[in-house]
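Chemist: Protein chains in written order, with our numbering: chain A, 1 to 520; chain B, 1 to 304.
Hints may contain errors.
[Claimed, not checked] Computed cross-link-like contacts, DSBU-like style, restricted to lysine-lysine with a CA-CA straight-line distance of at most 35 Å:
no. : chain 1 : residue 1 : chain 2 : residue 2
1   : A       : Lys154    : B       : Lys61
2   : B       : Lys61     : A       : Lys249
3   : B       : Lys61     : A       : Lys518
Hint data in this document are derived by calculation from the structure and do not stem from the laboratory.
Residue strings, one per chain:
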Amino acid sequence: MKHGLKYTVDRRQFLRLSALAASGSIILACAQPEAPAAGGDDMGMAEDGIVDVYVWPSIALVRPEGSDPDKYKEVQDYITEQLGIRPNGFVPPPGAAGRERLNLMLSSQTEQLDMFTGDWTQYKAAIMPITDLLEEHGQNILTAFPEATWSGMKDANGDIWGIPRLGLMGHTWNFTWFREDWINDLGLPFNAEQMTIDELEGNMAAFQEANPDAVLVTNNLGSLEGCLLGAWSQYGRSRWYDESDGQIKPYQLQPGYEAFVAKMNEWWNNGWFHKEVFANMDFEEVLRSGNMGIHCGWYSRMTILGQRIFLEDVIPGMDFVFPLKMVGPMGLAGTNNANMTQAYMIPANSPVAKEVIQFVNWQYDPIRDNAVTAHYGIQGTDWDWVDETKEQVHRYDAEAGAAIYAGELYQGAGLAIETWSAPEDPLWGRHYDHIKKYVFDYSNGKMPVDFDVPYDGAAIAEQVPSMEDINRLNSEEVIKFITGVRPLTEFGDFVDSLYRAGLQDWIDAYTSQYVAAKGL
Amino acid sequence: MTEVLRILRKHGFYYLLFLPVAGYLIIFKYVPMIGIMIAFKDVTPFMSMGEIVTSSFIGFKHFVNFFNSFFFWDLMENTLMISIYKTLWSFPAPILLALLINEVHNTYFKRISQTISYLPHFFSMVIVAGLVYVVFGVQGGLVNHLVVLTGGEPQHYLGDPRWFRTILVGTTVWQTVGWGSILYLAAMAGLNPETYEAANIDGASKIQQVRHITLPGISHVIVILFIFRIGDLLDAGFEQILLLYSPSVYEVADIIDTYVYRAGLLNLKYSFASAVGLYKSILALLLLLAANKFANFLGHQGIW
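Looking at chain A on its own, in the form it has when it is part of the complex (with noise of 0.2 Å):
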C-alpha cells in the first residue's frame, strides 16, 4: 500500500469546526463595514489628491442595472478632468427599495453621501443649509431658477436647504387631454387655446355615444382635482385664506367644491369613469384597450406612456391634443402644481459640501454641454447637438449595441435643465418638449394661494398627530361621494368629521406659518 500524506477529521471534530465556522462568520457579518473610497482622510479626498463625491440618481436610471463599468468611468474621468472633482453613483434598488436604502444610508451613516433628493421639510435635522455656499460657488444654479420657485427652498429666517427638484410646476396636472382622433371623426368642437366644462360634457357624451365603452380617466383624485376643481371654486386644489375668519383651510372647505363632488357624482352616473378610476386601474392598458376618450391626470401618462404606445400604433390613428386652458364658471379648471419642498440636499455630515455644490453647478453651466454630458454621457459618442440652438439632442448610445451610461451622475432633473434640450427621438421628444414649453406658464392654471409660503412640515406634523386621518377621510369620502356610495346630502356629515378627526389643529398649523410668513 502506498503510504501519503493522510489526515481524517472524526465527525466530532468536524462539528467542532462548523461551529467555530458558525460563530466567527457571525462575529464578522456584524463587525461595522467600512466606508467606501470616500479616500484616505475625513475630507473625502482621495490618495490621489481629488476629492469624492457620492451623489444619489435623481432619476430613474436609463438602465436599471446601471450603466456599463467602462462607460461610467469614462464619464466620471471626463467630468474629473473637467473639474477636478471625481463624482461617484449609485444604482440604487428599484422601487420603494431605493428609498429605504437612501434612508438607511442617512441614518446609519456608513457610508459617504453628498447629495440626495426629497423633501426637505421633512429631512430639515439631517441637511444643512446651503445659502452661502450657493452664494460662492453656485451662480449658475442661482440663476437658473425664478424667485418663485426659490421661495420653496427657503425657511422662515431665509435660508436655503436645498436646489429645487420640481417647484411650482404649471405643466403637470392642469391639463385635460381629448382624444384627436376621435374628435376629427365625429367632427367635435375643440380650440387649442381654450374649452369649457361644457364641450367637455359635450364631447364625452359624443364619445360614448359612438362607443360605448369609452371612458374618462384620471390618475386619482388629486389629479382630478388639480384638473378640473378651479371649474366650480375660487381658489382650484389650493389651501385658501378665509377671510371671514382669518383662517388658512383646506379645499374641501371652499365654496364650490360640494358643487364640484356633484358634478362628478353625476358624471359617475353617466357611466363616464372607469369604473377602477379610484382603485388601481391598469392606465396603460386602458389606454391600449383604444377606449379612453378623455384623460385628466399626470401629464407623462400621455408624454411618455401614450406616446410609446401611440407609436407603436397600437390602435391606428389614436392620439390626445389638450385645450391649453380649461373653464368653468369660476374661470380656469386646472391649479398649478406646487410641490415647493422637493429638493436637492446635502446631508449635515457631508465633508465635501463646497465640492457637491461646485459639481451641481458645473452641470447648470449654461453652454448646456454639462448637463447633458452628466445625463446621457460623452459629447459626440453618446450624444450630440442637432444643431447649433442646443434645444435638440441626438443619442447615439440609444443605438442598439452600444455601451450605455444610465446617468447615475445626473444632478439635474427638474424644472431648469429640463428646459433647455430634449432627445430628438420622437419618444422623449414629446415629453421634453411638453415640458419645455409649459414648465413655467403659469397662466394655464390657477396659482396656488400660499405657495411662497415656507411650511415647516416637520413642525405641522407635530401639531397635527391625526394628519393621516385627515388625509384618509378626505381621499375614502370623497370617493364614496363621487361613486355615489354615500349620499351627498351628507356632506356635512363629512365636514364634521373631518373636525371630529382634528381639521382644527390642522388649521391652527397652517393658519399660525402662513400668519407669520405673509406677516398678517
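Following the hints, position chain B against chain A.
Modeler: Chain B only, in chain A's frame:
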C-alpha cells in the same frame, strides 16, 4: 463556579454548537429590543444611536396619539376581522387537504397534486396581487369576462367593500393551503399503521378512521399551530392588503399595519410606528399566553 465549569467541560461541545444560535438570538432578537425606547421618545430621522439613547423620554405620547386616532376602532376591527376570517378558512384548509392527500394511494398523482398545491407559496405577494388583478379586473378580468358572458354587468370587485375581504381570504387560502399541509402530512406519516389495520378489521369506515385515529393522532400539531396562529392574530397580511387596497375599500381593508405604513413610515414618524408595533407585540403576547393556557385547560400540552 466550579459546578458551572464542570458542566461546561462536560457538555462543552454542545454549548459550542449552540453558540451560533445564541449569537443569532442575541444579535437579531434581543439587541434590537433596545429599539423599544424609540416608542417613548421623539426620534427624528437620521439621529445617531448616541442621540437616540441620550434624547429625553416623552412618555406615552405616541401611544395616546394612536389610541386617539379617529380610525382606531375601525383599524382594530378590520385587523381582527380579516385575521379571524383568514384563520377560520385557511387554518382548517391544510388539515383537510392533508387528510385528502393522505388517502391518495397513486404515488404519481399524489406527488403532482402536492407540487401544484405547494406552488403558490413560492410566489411573491406582488405576483399574487398581479394574478388577483388578472382574475378580478374590470377590463378583461376572468371573472368579469364570465359575468359578461352570462349577461351581467362587469363589477369592480377589488373596489367593492362587499367583496374585498372575500378576495383577501380566498387568495390566502389558495396561497397557503398546500404549504400548510406539509406539517400535517409529516405528523400523519408518524402514526402507527397497525392502528388503521386494527380499525379496518373492526369495520371502521374511512371517515371513522379519520375521526378516531388520524385527527386525534395529529391533534398536538394542530394545537401548537393554532396557538401560533392566535399569536399572529394581529398580522392580517400587510403586504397583501397594501398591494390590493384603495381608498374605496379603506373601511373594510385598512388595518393597523397599513395605517402605520402611511401615517408613520411614509412620513418618517418612526417613533409613532414603533409605538404601534410595541402595542401590537404586547397584544400578540397576551393572545399567545391566553391560547396556550386554554390549550392546557383542554388537556393539550401547548407550547410549554
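Chemist: All the hints need checking, so say for each whether the structure fits it.
Modeler: Hint by hint, here is what the structure shows:
1. A:Lys154 to B:Lys61: holds (30 Å)
2. B:Lys61 to A:Lys249: At roughly 26 Å apart (the allowed maximum being 35 Å), Lys249 of chain A and Lys61 of chain B satisfy the hint.
3. B:Lys61 to A:Lys518: holds (32 Å)
This entry satisfies every hint, going by the numbered hints stated previously.
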